[in-house]
Amino acid sequence: MTDNPPDPRLVIIDRQIADHVHNKQMDLLALSRPNGSGAFSFLVIEVKLGKNPELRDSVAMQLNNYVAHVDKYIDDYINCYSRNYAQQRRLGLLNFKSAEDKIEILPIVEGLVVVGGYSGIAQDAIAELKSNHPNIRVKEMRNSLVSVD
91 MTDNPPDPRL VIIDRQIADH VHNKQMDLLA LSRPNGSGAF SFLVIEVKLG KNPELRDSVA
151 MQLNNYVAHV DKYIDDYINC YSRNYAQQRR LGLLNFKSAE DKIEILPIVE GLVVVGGYSG
211 IAQDAIAELK SNHPNIRVKE MRNSLVSVD
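The working numbering puts the sequence shown at residues 91 to 239.
Errors might be hidden in some of the hints.
Each pair of labels, with its calculated beta carbon distance range [as the list claims (entries may be wrong)]:
1) Ser127 x Arg173: 18 to 24 angstroms
2) Gln106 x Asn169: 18 to 24 angstroms
3) Asn155 x Ala129: 21 to 27 angstroms
4) Asn113 x Pro224: 28 to 34 angstroms
5) Asn154 x Arg180: 30 to 36 angstroms
6) Ala217 x Ala176: 40 to 46 angstroms
In silico SDA-like pairs for lysine to any residue, Cα to Cα no more than 20 angstroms straight-line [said to hold, decoys possible]:
7) Lys162 x Lys220
8) Lys162 x Met151
9) Lys141 x Arg227
10) Lys220 x Val137
Worth flagging that the hints you see were computed from the coordinates, not collected in a lab.
Built from N, CA and C at the ideal position, the CB exists for glycine as well.
Please work from the sequences and hints to get the whole structure.
This is the structure:
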């Protein structure tokens with residue numbers, strides 16, 4: 091899950107993100123706007139395989155820590171990723187036709203766990219994660235991630 095979907099609602103802006111303060115790596119950082127237009131917000135995405143034992147519980151703390159970190163340094167992240175988006179746009183790396191030259195990023199950070207599973211292998215772990223952490227958004231990815239709502 092590294093390519094951008096051709097959809098203006100979700101732009102994967104960076105992968106394996108580490109900064110000068112945080113020595114752990116977020117899997118993916120995306121810009122999200124559910125309506126497909128207007129300002130973006132940040133979406134931290136943690137990707138786990140369905141059989142990963144972290145999926146049952148510890149991924150929730152991991153995701154919440156990443157979201158809190160981005161939120162703490164939100165001005166730096168907005169500055170950095172506004173420029174990063176513009177660079178990707180100029181280089182033709184964004185796959186949707188309505189990609190703007192300049193964007194607005196709101197100081198909002200959300201999290202999402204994306205679970206890669208096959209043949210229902212992840213269903214029990216996803217159910218347990220949702221039960222133990224109802225505030226954590228979880229999507230199962232079988233072939234592609236179409237939306238984040």
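### List of violated hint numbers, smallest to largest
7
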